[in-house]
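Trainee: Sequence:
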Amino acid sequence: MSNPKNNIAEILEKLDTLSPFALQESWDNSGLILGSKSRNFQKIYLALEVTQSILEQMEENSLLITHHPLIFSPLKTLIDETYPTALLNLAICKNIQLIAMHTNFDKTHFGKYLVEKILGIKTYIQEDFAIKFQWDSDFASLCELIKTKMNLQNLKITHSPNPKCKNIALITGSGGDFIRTLQGVDCLITGDIKYHQAMESLQKNIHLIDCGHYELERYFGEILSLLLTNLGYKAIILDSQNPFCFV
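Heads up: take any position in the sequence shown, counting from 1, add 580, and you land on our numbering.
Treat the hints as calculated values from the structure; they're not laboratory data.
Each residue gets a CB set at the ideal place from its N, CA and C atoms; glycine is no exception.
Hints are not guaranteed to be accurate.
Now the in silico label distances, taken between C-beta atoms and shown as ranges [unchecked claim]:
no., residue 1, residue 2, range
1, L732, T597, 31 to 39 Å
2, F824, A666, 16 to 24 Å
3, L655, S616, 17 to 25 Å
4, F652, E707, 23 to 31 Å
5, N641, T597, 22 to 30 Å
6, D660, Q637, 19 to 27 Å
7, N734, L655, 33 to 41 Å
Generate coordinates for the entire structure from the input sequences, incorporating the hints supplied.
Mentor: Given below as structure tokens:
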């Protein structure tokens, strides 16, 4: 007899309690991506992305929970050799079901975990996607803290004319679009900064620290595994790996 906890409807309910899917942005696609609420699963795997390597490592009849949804924009075609159809076909062949926890998880857990557990900052406030805290030293020392705590060799930064680096905001993933609306912030820590966003930040006297999208969000499995353990589930964390390398 299968464990009733190993049912898609049951775990969706638990995940919704942890991080309500209703909190996701209107453009997002969090929730059940592939499968059925009536189905069961044998094992839970966690990863940042759905990739071929991840699916190949998984056992059949399993559940994969990712941060990024495999299906994000409406699909006009389903061609076997293309993305994401090839991955969907592999998942279907192995009876792997897919759930995504994206912007809802950003709002409830991701940024707070990075600031408190990774960077060691205990006092902060949250404003939607942004986690804000105060820094008592200079910009260079903040960069060094991030490199040390996140085990990064390099950071991509813009050093604005602003002599202050006191009021800090951290936004996981791609936070460059928030530069235009940020108020009272001396420095933004995020990923995927575009060239013109960097130019805009200089005009607004905001320092930028671009850690990289993967580098900021690779902690997804670590965070969700702890939460699932508290609910009585065991999960296996798989590394989807950074698609970029540096030469």
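Trainee: Between the beta carbons of L732 and T597, is the distance compatible with 31 to 39 Å?
Mentor: Because 33 Å falls inside the window, the suggested range holds.
Trainee: Should the hint that F652 and E707 are 23 to 31 Å apart at their CB atoms be regarded as holding?
Mentor: This hint holds: roughly 25 Å between Cβ atoms.
Trainee: Per the hint of 16 to 24 Å, is the separation of the Cβ atoms of F824 and A666 within bounds?
Mentor: 21 Å, holds
Trainee: Just tell me: holds or violated, for the beta carbon distance of D660 and Q637 against 19 to 27 Å?
Mentor: 21 Å, holds
Trainee: Cβ-Cβ distance between N641 and T597: within 22 to 30 Å?
Mentor: 25 Å, holds
Trainee: So the hint says 33 to 41 Å: do the beta-carbon atoms of N734 and L655 match that?
Mentor: Holds, at about 36 Å.
Trainee: At the C-beta level, are L655 and S616 separated by a distance inside 17 to 25 Å?
Mentor: Holds - the Cβ-Cβ distance for L655 and S616, about 19 Å, lies within 17 to 25 Å.
When held up to the earlier numbered hints, the structure conflicts with none and fits them all.
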